[in-house]
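Dock chain B against chain A, hints included.
Sequences listed follow chains A and B, in order.
All residue numbers for the first sequence refer to this note's numbering, where the first residue is 21 and numbers rise by one.
All residue numbers for the second sequence refer to this note's numbering, where the first residue is 21 and numbers rise by one.
Watch out, some of these pointers could steer you wrong.
Pairs involving identical chains hold if they fit within one copy or between any two copies, as the list cannot separate such chains.
Claimed, not checked - DSBU-like, lysine-lysine: derived pairs with alpha carbons at most 30 Å apart:
id, residue 1, residue 2
1, 73, 163
2, 387, 119
3, 23, 430
4, 430, 119
5, 100, 230
6, 365, 264
7, 247, 230
8, 73, 100
9, 230, 179
10, 119, 217
11, 264, 119
12, 23, 73
13, 387, 267
14, 119, 100
Just so you know, these hints were derived from the structure itself, not from any lab.
Protein chains: 2
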Amino acid sequence: MSKTAEIISIGDELLIGQVINTNASWMAQELNLCGIHVHQISVVSDSRQHILKSLHEAHQRVDIILITGGLGPTKDDITKDVLCDYFETTLSEDAHTVKQLEALFERRGWALTNINLRQSMLPASCTVVDNHHGTAPGMWFEKEGRIYISMPGVPFEMKPMMTDSILPELSKRFADGAIYHKTILTQGVGESFLSEKIASWELQLPENIKLAYLPQPGIVRLRLTGKSDDYNQIQSEVEAEAEKLIKLIPDLIYGFNHDTLEAICGDLLLKNSQTLGTAESCTGGYIAHRITSIPGSSNWFRGSIIAYSNDIKISGLGVSSIALQQQGAVSESVVRQMAAGLRTKLQTDWAIATSGIAGPDGGTPEKPVGTIWIAIAGPDRTIARSFLFGNSRERNIVISANHALNLLRKEILLSTR
Amino acid sequence: MSKTAEIISIGDELLIGQVINTNASWMAQELNLCGIHVHQISVVSDSRQHILKSLHEAHQRVDIILITGGLGPTKDDITKDVLCDYFETTLSEDAHTVKQLEALFERRGWALTNINLRQSMLPASCTVVDNHHGTAPGMWFEKEGRIYISMPGVPFEMKPMMTDSILPELSKRFADGAIYHKTILTQGVGESFLSEKIASWELQLPENIKLAYLPQPGIVRLRLTGKSDDYNQIQSEVEAEAEKLIKLIPDLIYGFNHDTLEAICGDLLLKNSQTLGTAESCTGGYIAHRITSIPGSSNWFRGSIIAYSNDIKISGLGVSSIALQQQGAVSESVVRQMAAGLRTKLQTDWAIATSGIAGPDGGTPEKPVGTIWIAIAGPDRTIARSFLFGNSRERNIVISANHALNLLRKEILLSTR
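Extracted from the complex, chain A is given alone in its bound form (with noise of 0.2 Å):
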């Protein structure tokens, strides 16, 4: 029997609206792969009394409580004094998060403060779960059969804490690997095309197997959950038709779960030993953002050239200023230019480059916003396509970033094949 969970999100900033509750939706993410059903998330004040209730109505409804928020060393931060009421329990000196404050701070070079140690009083009756980014360490309670575990909101320390010790141990306790999740990642096609290409299969998954659509700017994830009592069996199934869906649209799919488009393109140059660079114009440095995310893409990124302003385009990637007056900066010439420029410049093997009008301002009636013209250069050949996406300028650069990269990513395979 698989177990639920609720996630208590402690915050009047997030009451007020101020603050996205993306921590519960990454949580509720983590806890289903893990195959704990998240039943409820509810938002709560900073106030004793609401801390409480919920706590108390959570009991009733779920087998794990999830509490982020309220742990800072400030006095709006309530949450450890209200579960020292909730498990009858007082505050006590952990020794061991003494040491764990001291070597953080050592570590970073900063003076312990008095405030700073408070982090180290916790509730008597619980099990310390350290944070490794962070001075509040997670709290591990167990009452009547049922496990509430408090930990901080901020996601950088939130994550780490549930992905290093809280998601391990659940799944070592409740494992009963009756789920089972595949994702195939497709680019280029909008979700009502490829429910159409793929009806058919669609309509014959079995009972046991749920499909979902799950849309991002220029990406379609879609997501099998088989769910059986016997996890072999349930691996093997969604993966068969994972093999069938694969073999309808082998075109649009980029790659799996937890695949990002730049690991992909970084892992095939790994292979080739070829490096990239990118010319970015309407991304701004976006596309070197995401590719730099990647812990060692050092080893075969080696820089950009963002060219805002079109004199940059001319004295940093030699694009022609003739192209630039005759075609403008949004243009296949301009943009093979910026990319076979780049790719000499910084003696790349790989370029990718973009221009583009990414709004809200500055569409003509020949160049609407939402006109991105997209450039790879390689070792054999440079290619350039264009696009109309919508109006929305964050939308803009995300979308033409994962077009650019699925391009690169066709690109070096072609080369090689």
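Chain B alone, transformed into the frame defined by chain A:
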């Protein structure tokens, strides 16, 4: 007395983390601006029992209950039936909605199917709220002094419904304009250091003004929330407290409310008719991305050289190979040369340069992971600062960018003093 609200978000997609609950944040923000205090947000599943239970619980807690989701025409959308149960009423055809549907489908040139017409079957006891952007109308109920409003979960339909019909009606009934927020944005020190600095001010805050610490990497936002019967009075009380705070920590504050460091720098540069470029190593284009996410940034941002490899630091930015060999890429000498070199190459007034070990690998005993050098080059001088952050690559990139942008802001202000 200001009214309280609960938002009930219905949908399994929220509970498996597939969709982030941005609807609730937006609604909370809007309600808050109308002086309606959001007491709780509850995310519940597409299940009859669960929705009924959450309605009963919310009835105990608040005055106004806003419900989103589960109003589509397909089988898994059960909200309407559950509402009939809860309010002891039945579905009946609403002639006005039939006309609205006919008009909508004619406008879009679509055929009106029986499934679509189902949307005109509505609980007999509700007041219908028109949906001008989709097929599912909103429903307004009143019961035992509570107001219940059910809306579609699609943001493009829910938001105009809120803005055009629901918020004006709620404001008319309950306006007491009694909540005022002011957020003071600080950069450079942690939550605990800050709280010691402002302890005496925090202690003297009146009962009706609350302070919250909202930390982000390298940033702490201090939010003051004042409540009173009179809007003008609470506004001036909160502003007066903010003034005291500003005098206490003038050097730590960079802005207010929704200000961002990149937009503040942009405004200063525009005012001075100056330009900016970045030379990024460890931040890998993230600073350029933050800047180019601002519409119109092309008026003051010229571009970047992302010098991820050492030879681009030499060829692209003119860094001396001797400095790279002797001091290493992560050094004061190199980061100063990067900033000065970028300024010359791209002919900008200002340049930001970053070089560091973002991690998780690449650290040495002398330069552990998290060691970051930042330089700012301007018309009068070049400055450089070193930092030691933590082990998270993602966090190190963000915190470096925030420090770099704030250093730039301070240098611009100094140069024009």
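Check your understanding: Should residue 264 paired with residue 119 be assigned to within, between, both, or neither, using CA atoms and 30 Å as the limit?
Key -> Classified as neither: same-chain Cα gap 54 Å, cross-chain 37 Å, threshold 30 Å.
Check your understanding: Between copies, within a copy, both or neither: which fits residue 119 and residue 100 at Cα up to 30 Å?
Key -> within (20 Å within a copy, 56 Å between copies)
Check your understanding: For residue 119 vs residue 217, is the C-alpha pair at or below 30 Å within one copy, between two copies, both, or neither?
Key -> Cα proximity of residue 119 and residue 217: across copies only (25 Å, versus 59 Å in one copy).
Practice item. Please work out whether the CA atoms of residue 73 and residue 100 approach to 30 Å or closer within one copy, between two copies, in both situations, or in neither? Key: Result: close both inside a copy and across copies, 15 Å intra and 29 Å inter.
Exercise for review: Using 30 Å as the alpha carbon limit, work out where residue 247 and residue 230 are close: within a copy, between copies, both or neither.
Suggested key: within (9 Å within a copy, 48 Å between copies)
Review point. Is the C-alpha distance from residue 430 to residue 119 at most 30 Å within one copy, between copies, in both cases, or in neither?
Key: neither (51 Å within a copy, 37 Å between copies)
Point to revise | Within, between, both or neither, where residue 73 and residue 163 count as close if Cα-Cα is 30 Å or less | key: Cα proximity of residue 73 and residue 163: in one copy and across copies (16 Å, 24 Å).
Check your understanding: Given a CA cutoff of 30 Å, do residue 387 and residue 267 count as a within-copy pair, a between-copy pair, both, or neither?
Key -> neither (37 Å within a copy, 50 Å between copies)
**Study point:** Within, between, both or neither: residue 23, residue 430 at alpha-carbon 30 Å
**Key:** neither (43 Å within a copy, 53 Å between copies)
Point to revise | Homo-oligomer pair classification [residue 264, residue 365; C-alpha up to 30 Å] | key: neither (44 Å within a copy, 54 Å between copies)
Check your understanding: Given identical chains, is residue 387 near residue 119, meaning Cα to Cα at most 30 Å, within a copy, between copies, both, or neither?
Key -> between (61 Å within a copy, 23 Å between copies)
**Study point:** Copy assignment of residue 100 with residue 230, given that the CA separation must stay at most 30 Å
**Key:** So residue 100 and residue 230 pass the 30 Å test across copies only (19 Å; inside, 39 Å).
This entry does not satisfy hints 3, 4, 6, 11, 13, going by the numbered hints stated previously.
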